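From first to last, the protein sequence lines stand for chains A and B. The opening residue of the first sequence carries number 38 in this note's numbering; numbering runs sequentially from there. The opening residue of the second sequence carries number 1075 in this note's numbering; numbering runs sequentially from there.
Keep in mind that the hints were calculated from the coordinates and are not lab data. As the structure is a computational prediction, the values presented were derived from the model and not from experiment. Just so you know, even glycine gets a beta-carbon here, dropped at the ideal spot from N, CA and C. Just so you know, not all the hints are guaranteed correct.
[As the list claims (entries may be wrong)] To be clear about the criterion: a stretch of chain B counts as covered by chain A if any three or more of its residues have a C-beta under 8 Å from a C-beta of chain A, and this derived list gives those stretches: (1) 1325-1332; (2) 1379-1389; (3) 1744-1750; (4) 1760-1772.
[What the hints assert, rightly or not] Restricting the straight-line Cα-Cα distance to at most 25 Å, the calculated cross-link-like pairs of lysine-lysine (DSS-like) are: (5) Lys51/A with Lys1287/B; (6) Lys51/A with Lys1590/B; (7) Lys51/A with Lys1331/B.
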Amino acid sequence: MPAVSLNVNGHVHKVEADSDTPLLWVIRDDIGLTGTKFGCGVAQCGACTVHIDGQPTRSCVTPATAVAGRKVTTIEGLQSRTAKAVQKVWVDMDVVQCGYCQSGQIMSATALLEQNPKPSDIDIDHAMAGNICRCATYVRIRAAIHAAAAQLSA
Amino acid sequence: MHPLMQSFRAQQLAEHEEQALASLVAEREAPVAPAGVTRRSVLTAGAAGGLIVAIGGWAPQSAHAAASQGPEGGAAKAVFEPNQFVSVGTDNLVTIVNKHHEMGQGNTTGLASLAADELDADWSLVRTEYAGANVKLYANLAFGMQGTGGSSAIANSYLQYRTAGATARAMLVAAAADAWQVPADQIHTSNSVLTHASGKRATYGEMAAAAAKQKPPANPVLKTPAQFTLMGHEHATPRVDSPSKCNGTATYTGDIKLPGLLTAVIAFPPSFGAKMVSFDASAAKKVKGVTDVVAVPEGVAVVARGTWAAQQGRRALKVTWDESVGAKLDSDALLAQYRDLAAQPGTPFAKPAPAGATPAPVATKTVEAVYEFPFLAHAPMEPQSCVAWLHDGMLETWAGHQFPTFDHQFAAKAAGLPMDKVKLHSLISGGSFGRRANAWSDFTVAAVNVAVAIKGRAPVRLQYTREDDMSSGLYRPMVVHSVQVGIDDAGKIASWKHGVVAQSIMAGTPMAMLIKDGVDSTSVEGVFPSSYELPMMDGQLHSPALAVRPLWWRSVGNTHTAYVMETMVDKLAHAAGQDPLAFRLALLDKNPRAVGVLKLVAEKSGWGKAMPPGSAQGIAVHECFGTTVAQVAEVTLKDGKVHVDRVFCAVDCGVAVNPDVIKAQMEGCIGFALGALYYSEIELKAGRPVQRNFDQYKALRIYEMPAIEVFIMPSTAAPTGVGEPGVPPLGPAVANAVVRAGGPEVTRLPFARSGLVQA
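Pulled out of the complex, with its shape left as it was, chain B reads as follows (with noise of 0.2 Å):
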């Protein structure tokens, strides 16, 4: 998912007026609903009108009637709910409802605890719940659509969920002043319980019920920063989703249990572009416990009772597959027209600028280098995977839906029901990376058209095994840079010469629109713009259309183009015969926060210190999503092959709501860029995938992971996002600490194709 988002807003509406998409006009200007326009009035009244959620509109409800409704409301003990995200009940639970996909970056946990903090309340009595798709009380306020990517949770709700949460607070307060007859600013509150000096005391939940009946303050004061009793607090909000977790009750899609549910796998196309031309289903229609082979666009559906009937129907299903398109898909043949691609004029993404009044360096030497990068699959622990039920004149369908909005859409037009006849229910999934957010909501819509296929006769899943989710496509594009950078004597650059050849990732979706003078900017992000600043970059971009879909990967464009500029950056100090770290900061002096983490990170591991022989340190920088890191990488280069022992991190997040979670994110994406660093790469074959499960496509396990320290910069600026960024220094740090112990520069990656690790 990519910042890009924000602007397809706008331009979404405008071309897609009559969508649901279109009521969001508003919302900017009243990001929280107003008070009385609850979650729950949404669900009970569409209830009353025989569906399950409105999806078209919302009747204003007040407060009051709100607060009267009894336990068909589905929420029996929330009397107070004064907007969609937070809700108080009778028995002193404050329930905060989650707009965003779960995927395991801890969002959950931080947007509770930005509404929990402005609310006062006692951490152990928070719950969560997660929003089904509600576009005008739940949209992603960057992209304009409900959906989660491009690390925006927290910085979109910021605002939102603290207001939300101070909303509740001003209210109760004011409830109480009304009953004990005292002032309002006398009152005061800490873990979910109200108190006066005169000893008056009660609860959040015995004041809920009055609390609703009160008016919504129009602008509810906020906490200063140093007000903050959970938000930077270490430890204060435990994560809410570990119990479930530990003890193995949370539930993913593949957990949902309903009467009769069938489960179906499908026979897809072998390769990209392959076309189904018939099959004989006599033989899996003989495997016990199958009850339907059926054609579904995208294969033959194997449905049965039960995922091994459905697997070893599926295994004796005989399709003919038509596979002329993707023949010639070959990822040496591909490599080969890419770097030849590279050296030649492309689509213009950066010019140089005029000369200015200093004169500029005159190159008299050439630091130049060719990077290949190869596809890589996201594979998510769990594979996709989703639940659809069409009943009553309606659909619903279960699954990780981290672009509600679209899978919405979708799974309505597969359905063949209006919008407000489908209902979502989104939830948590083990992992995504990108996976499950795109805009053909494939796994969603195959869902729906088994579903279909069925005549829902009853509920169905559709689960991906592992080989079917690797070999989906979907993937981190193949990408080709190639640079020539001139400097002078002195090192300084004098020129940069930057061809990118990748294919575009939003070429093909509703995201096209973002698409600028045929530059897809997820394609070159990182490289323009840089965290540098190089007025002197020629930058040319190919984007090669091909039959398997590209797909945004943990930091999308930022995967690649860290690596190069990084690595290119120590090959510059090198030439200039500088340190590493002095050479960047001299570059960055108009950029205090990369200058404040490379400062911090260098402090923290010692930057320079004597390593002892066949170690070494390497260091990189990077700023995406608003957020920027910069790692040092600990090496050991061992009999030609590569360990990397320690990483340090540093991070500017602005405002660090969860210290813990944002740890945990930097050492999930160290951990996560070093297994794609090592190994990762979806090879094709006469069109086919030929990594297809963990065996052959490695991702990196315990004895792997390096040791890690990472450290927070201190800020008050509002939060930016911390789930991908952490991803793209770490490979350029690896490379050049292994180019530092004495290794081979790595331009062909995986390292696995050079030796350095073990394939």
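For reference, chain A alone in the conformation it holds in the complex (with noise of 0.2 Å):
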């Protein structure tokens, strides 16, 4: 198996996979971060949601080849001043329930609010589509998108 190098978090990884082996189970089981989740394995659900030089990607279809040299960024590592925004709202209005898909639903309204720092209710409809929450916490969700906004904008 041919060994892949893999820039996650900042850090450098060298791990073995083929040429289909998704990103999700490197992440997970060789690298050992496990905060991005398995859901369906074929693109639907949105838990394995990482970020690819900064876009949304889902980790379940990526192969691990695909994104040597690129930035991988997991829920572990999100630096960003929106991200930290986007966590401390998601703690403050209690947004999570049982709080597997929501990974994912940070990764992606981190992405959103990197992009769109205003987003309308539109704009959130179409950023957060990919994310299913089974729990539907969505309408917190699209609150704490819109209170992020407002907060990283005071």
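Hints in hand, dock the two standalone chains.
Laid out in structure tokens, this is it:
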């Protein structure tokens, strides 16, 4: 199995991965970062969302070999002011229920706000459409994104 | 899960006296273990004997002895453990043990707030832990076994956890009174600090060791609701699990790390009832990382270093199945059979009461409908998984153990070990909605079977893929209702004939003893009994047996009965020429809770207000698990498609322990129910489930979520649950709004079948 060099959260990891090994399982099983979740394996639920060079990406269908040399950020590696604001309002508003999808929700919401500091409801619908929450915390996710946007622009 | 589990308790004891459950007899009288019989004393006593948990019995231990135990006990700083729920450390932290399973519904926060309020603890200094399997200390008092469901966590624990907190507080106060030589009733407690007017002051941590030497009060005084400082106060008790769930550190089953941990996936039977004939593992074993390919009762397990290798190994595995059992299992054919059955006499579940003194109305007109409900998968975000580790003559498991008592028994049986050699680690789970609470302990047992098959060589995590989980059966059963209501010229109900066809959830499980006179009440609850008084009802039940296992799905029978009853009531109101709200209020005059939430939701939603063209309101009310919820849905029909714009929700659940958690549960119930109403259906073709992942089994997404306003009825009555009761009214409220907006009467669910939403 070929060795791949991955930059995850600023650290370089050398892992073995075939051309079809999903980034998700390299992150979870090989690197040991378990905040990124397995939900569906077919890019339908968004629980596995990470940032690749800042773009929200479903790691369950992204081959690890395809992101060699690019910056992978997981929930554990969020550092930006935007990300911290998102995580804070998520806690302040008690968005979570079971919590299993929330790493992915936070990754998508952070990417949205980094690119669009004042998203409309329609913008939120588009950016968050790929993240399923079976607990249906959507009302609070929407409110939290608006609240984070307000805090960041204050 | 279901309140009927309550009567399950007594019968379980009678029939399985030798099992660990038999030790429960004294617990009803002493729901909090006597002081000195602590959680840690159980853990440490077990460890001393070479066991991890002493299941079979615990030796009462003095509080003094408990306090003297050192760091090896695992809770080094907890010097004061007055009972199995509450401990206080020298670091001034209060630890509260959750005996229930946290699957997102917020009971960790709720139970902690019960104890912390009575303890006058500083919420920021409260920590929580999850109990292992110990039916003596941690039984659900409504079930008589350790388990979570039926929206019962807060309801069964309300006095137990408050008593636990009040006991701890009384002992801290007594210790301070001794130390300061002042009367106990002059000592004030607040935010984990004891104070006296003389200026004396001590934190709980400072007084903990002395408190451990105090005699526990026999009957600690509990607060009146007016004295609550946490319960019922908005935002006084933010969720204890929010931070870890927002930074990726919350630990679910898949996140457990153990030395040499292997991952297994199982090639499960492709259709219900299928049997494995043979398998060829040669290609699978060539996949790098695959360590074992072994037959287990559930199928063929592929074990590997890493999840991807296990999945690749399974793809390479060749299995021959005998699928003859399920070959004819087909949803369309089944529905046709069910429709026929529904019109025929079955087992009576309701009989018309004898005619009373006042003349009954005479039917001159019939209002009727046949309703069809599909199989539903729970599809929690976290697919099922369980870690099993056989070592040193014992078994440890890690999972979202929602029914620890069953999981414990069945894990022990699968491992061939006595229960006291089996330790369960109960983890939070990524949702359940009923799935993890099953009487077969399916994924736990399967994981143990894999661990046994590899002879305990290493710890192994059995991981279901989404497809495995969605194809595993344990569905909300397919259901057909056939209803004919006779009304008189004034619209008064004269007769009510009601046929139900549904697989029994209880049959074939240890709960089968709860089936009375052939009626599994989970098939008809909500029709009978109903919030409405319907003495004229003639109810007939058919309970076919199928190769696919049924299971409770968030709110159980109410998932379909509320839809039937509340859309029928709208049809009856229409036939009587009355407003749906007024019609309900007239029928519910003996049900003040239902009237209360209906009036509240009507007021808040502006029931009857003018709506834009194509939009309408619909209303529904339903009681389950002791909680009554009324909802008004506002929908818009555009180009034949429905959009739910807003839902108003009024809930009466007794005392509102954590108002924000209650609101969150109502919001979540509404979104969960709306997704099912729109899309959810598992179809069976030749015994195989057609929908196996979220691409076909669609879940509600953010752009479909309505705005929601939740209103909690003020109450001082004992609390009832909120995890499920928000689900049942949503479907009929939306369906009734659709009709009022000029849309069709939908009697075949989901809506996607009627083209009302894009499938």
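Mind checking the alpha carbons of Lys51/A and Lys1287/B for me, to see if they're no more than 25 Å apart?
violated, 56 Å
8 Å C-beta test of the stretch 1325-1332 of chain B against chain A, three or more residues:
This one holds; 5 residues, not fewer than the three required, reach chain A with a Cβ under 8 Å.
Are three or more residues of the stretch 1379-1389 of chain B within 8 Å, CB to CB, of chain A?
With 3 residues closer than 8 Å to chain A, the stretch 1379-1389 of chain B meets the three-residue bar; holds.
Taking beta carbons only, do three or more residues of the stretch 1760-1772 of chain B come closer than 8 Å to chain A?
holds (count 3)
Agreement of Lys51/A and Lys1590/B with the hint, judged by alpha carbon distance not exceeding 25 Å
violated, 63 Å
Just to make sure I understand the rule, a stretch counts as covered if three or more of its residues have a C-beta closer than 8 Å to a C-beta of the chain. Does the stretch 1744-1750 of chain B meet that for chain A?
holds (count 5)
Sort out whether Lys1331/B lies within 25 Å of Lys51/A, counting only the CA atoms.
Since the Cα atoms of Lys51/A and Lys1331/B sit roughly 20 Å apart, the hinted pair holds (cutoff 25 Å).
This entry does not satisfy hints 5, 6, going by the numbered hints stated previously.
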